[in-house]
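J.: Residues per chain, in single letters:
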Amino acid sequence: NAGVTQTPKFQVLKTGQSMTLQCAQDMNHEYMSWYRQDPGMGLRLIHYSVGAGITDQGEVPNGYNVSRSTTEDFPLRLLSAAPSQTSVYFCASRELAYNEQFFGPGTRLTVL
Amino acid sequence: QQQVKQSPQSLIVQKGGISIINCAYENTAFDYFPWYQQFPGKGPALLIAIRPDVSEKKEGRFTISFNKSAKQFSLHIMDSQPGDSATYFCAASMRSGAGSYQLTFGKGTKLSVIP
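Residue numbers (my numbering), protein chains in the order written: chain A, 1 to 112; chain B, 113 to 227.
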């Protein structure tokens, strides 16, 4: 099993550009989520999904969109990047009935 | 409102010593308290977790102590090793609709174990 994979590993954007961060898992987990990690701020939940076609907002959803068309994939879209979105983004997944969450390796995003 | 407060922000321990990281929570509905370990350039990974019906859980050199009345829990790393140098996050979660559990993380503790 590859677990949770994320692409790209690094990305530099200019203010106003759009992009999609990809996340995939091969563990058949129903629950998937996106976090951002900023220095001294811990991990903050952006959006999550409990299954294909079902998404909801987390603590810091503004500026981000998600969709879940398959169990395996959960992309995160930045429609108009802002410098405040410079961060490290982690995707995670788990089974609905269990608490253990598996994280991907992260995407380091810089918005200039 | 920060629901999980973690301290200290950074910690330096000598090899062989005990590392102690503390967390406090506010929401009494939390029913699952994990600790995650994160090495530089990697995603966090579950280290150990506890539920509020027990006061202590031990796995190897890692122990969680839980005080329900004080709404506090802590991670103890015995015989700390340089390989334990990492950032540690405490977290808490509770059920919230449709069987989903939302993890709320502390801000993290950067542990450095020096030889």
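Any given hint might turn out to be false.
[Unchecked claim] In silico PhoX-like pairs for lysine-lysine, Cα to Cα no more than 25 Å straight-line:
hint : chain 1 : residue 1 : chain 2 : residue 2
1    : B       : Lys180    : B       : Lys170
2    : B       : Lys219    : B       : Lys117
3    : A       : Lys9      : B       : Lys219
4    : B       : Lys170    : A       : Lys9
5    : B       : Lys127    : B       : Lys183
6    : B       : Lys127    : B       : Lys180
7    : B       : Lys117    : B       : Lys222
8    : B       : Lys170    : B       : Lys117
9    : A       : Lys9      : B       : Lys154
[Stated by the list, open to error] Covered stretches of chain A, as calculated for chain B (at least 3 residues, CB under 8 Å):
hint : segment
10   : 77–84
11   : 104–110
Don't read these hints as lab results, they were simulated from the structure. The C-beta atom is built at its ideal place from N, Cα and C for all residues, glycine as well.
J.: All hints are to be evaluated individually against the structure, with a verdict given for each.
T.: Taking the hints in turn, this is what the structure says about them:
no.	hint	in the structure
1	B/Lys180 - B/Lys170	17 Å, holds
2	B/Lys219 - B/Lys117	7 Å, holds
3	A/Lys9 - B/Lys219	23 Å, holds
4	B/Lys170 - A/Lys9	35 Å, violated
5	B/Lys127 - B/Lys183	30 Å, violated
6	B/Lys127 - B/Lys180	31 Å, violated
7	B/Lys117 - B/Lys222	15 Å, holds
8	B/Lys170 - B/Lys117	22 Å, holds
9	A/Lys9 - B/Lys154	11 Å, holds
10	77–84	violated (count 0)
11	104–110	holds (count 3)
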